[in-house]
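Colleague: The listed protein sequences derive, respectively, from chains Y and W.
Residue numbering for the first sequence follows the numbering used here, starting at 1 and increasing by one per position.
Residue numbering for the second sequence follows the numbering used here, starting at 1 and increasing by one per position.
Warning: the hint list may mix true and false statements.
[As the list claims (entries may be wrong)] If you anchor each label on the Cβ, the simulated ranges turn out as follows: (1) W:S168 - Y:I115: 23 to 31 Å; (2) Y:V50 - W:T132: 42 to 50 Å; (3) Y:F99 - W:F9: 14 to 22 Å; (4) W:V68 - Y:I38: 45 to 53 Å; (5) W:L156 - Y:I57: 28 to 36 Å; (6) W:V44 - Y:I23: 20 to 28 Å; (7) W:L151 - Y:V19: 27 to 35 Å; (8) Y:V29 - W:L52: 16 to 24 Å.
Quick caveat, the hints were computed from the structure, so don't treat them as lab data.
Ideal placement from N, C-alpha and C gives every residue a C-beta, glycine not left out.
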Amino acid sequence: MLYGIFPDLILIIMAASVVLSLIPEQIIVDYLGQGSGIGAIATASLIGSVALIPGFIAFPLAAMLKDAGVSLNVLAVFLTTLMMVGVVTFPVEMKFFGFKATLLRNSLSFVGAIIIGLLMGALL
Amino acid sequence: MKPKSKAYFKFIFIFVIILSTIVAKSMGNTYAALAQMHFKSFFVEMIIFLPLIFILIGLIDFWLPRSVVEPHIGKDSKIIGSFWIILLAMLQAGPLYGAFPVAAILWKKGASVRNIFIYLGAFSTLKIPMLTFETSFLGWKFSLLRTVITLPIFVLIALALEYFLKSSNFSVKEVKL
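Turn these sequences into a full structure, and let the hints steer you where they fit.
Modeller: In C-alpha cells, the structure reads:
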C-alpha cells in the first residue's frame, strides 16, 4: 500500500455526516414504523448495513423507534446490521483482510443479523 | 487505476464535499450545519480512539512475543483461546474500523483465522461500553437476549469464514495510517 487508511477514513466520515444530515431521523422512523413484515425487516437490514451511525445516535434512535411502535425484530435487525455489516467501511476493511474475506464476512454477518433479529422477535 | 491517481481522486472528492457544504451553509441551508455537527462528532471519535488503539497495538507488539501468544490463540489453540479473544474485544470501545489494526497485530502474533473473526464479531456486538449504553436505552432484557443470541452466531460466522478461506491464502495486512 502506498498510502494508509487516513484519507479513506476522512472520506467515509464526511460522506456519512452528509448522508446523516440529509436523512432526518423522522424519515427512518416513518420507514421502519410501517409494520413488522418482511418489508420492514428488509428495509431495516438495508439501512443498518449501509448507514454508519455511531452508538450515541443509534441507541437513542432505537429507543425512539421502540416508542413509535416498531416491532422488536425490526429493531434488532436494524441494530445488528448496524453493528456487524459495514458497506461504507468496505474499502478500509478490504485493505486489511482482502476483498474475498471482507465480502464473505459482510455477507455472512448480514444473514446472521437477520437470523438474530427473527430470533429476538420470536423470544421477546 | 494507479494507486496514486486513486488517492488524487479521493482528495478531489473530499474537497467537493467541503466546498458544497460551505456553499450550502452560506445559502442558509440547515443541512450544512447538521453535517458539520455530525462530522465533528465522528472526527472527535476518531482522534480519541485511533491513538488509544495504536498504543494498545504498540503494547501488544512490545510485550507479547509470538511464541507466547500463538499457543493460546493460534491454529492449535483450544476454546479457552477464543474466550480470551472475546474478553479482549469486550473490554474495548470505539468504531469497528478501530478493530482492524488490532486484528492485524493479533494475526502477526499468530492468531488463527477463526479467532481473528471471533474478535471482529465480539468487537462489533459485545463491547461493554456499548452494552451499558444499549441497556440504558433498550432495557437489560433486550441487551441480554441480544448478547446470548449474537454470541453463537458470530462464532458460527467465524467458523464458516475459517472454512471458506482455508484454500485461499488469507492474511491480515498491517496497513499504515
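Colleague: Taking the hints in turn, state whether each one holds.
Modeller: How the hints compare with the structure:
no.	hint	result
1	W:S168 - Y:I115: 23 to 31 Å	26 Å, holds
2	Y:V50 - W:T132: 42 to 50 Å	27 Å, violated
3	Y:F99 - W:F9: 14 to 22 Å	19 Å, holds
4	W:V68 - Y:I38: 45 to 53 Å	50 Å, holds
5	W:L156 - Y:I57: 28 to 36 Å	29 Å, holds
6	W:V44 - Y:I23: 20 to 28 Å	22 Å, holds
7	W:L151 - Y:V19: 27 to 35 Å	31 Å, holds
8	Y:V29 - W:L52: 16 to 24 Å	34 Å, violated
Of the numbered hints listed earlier, those contradicted by the structure are 2 and 8.
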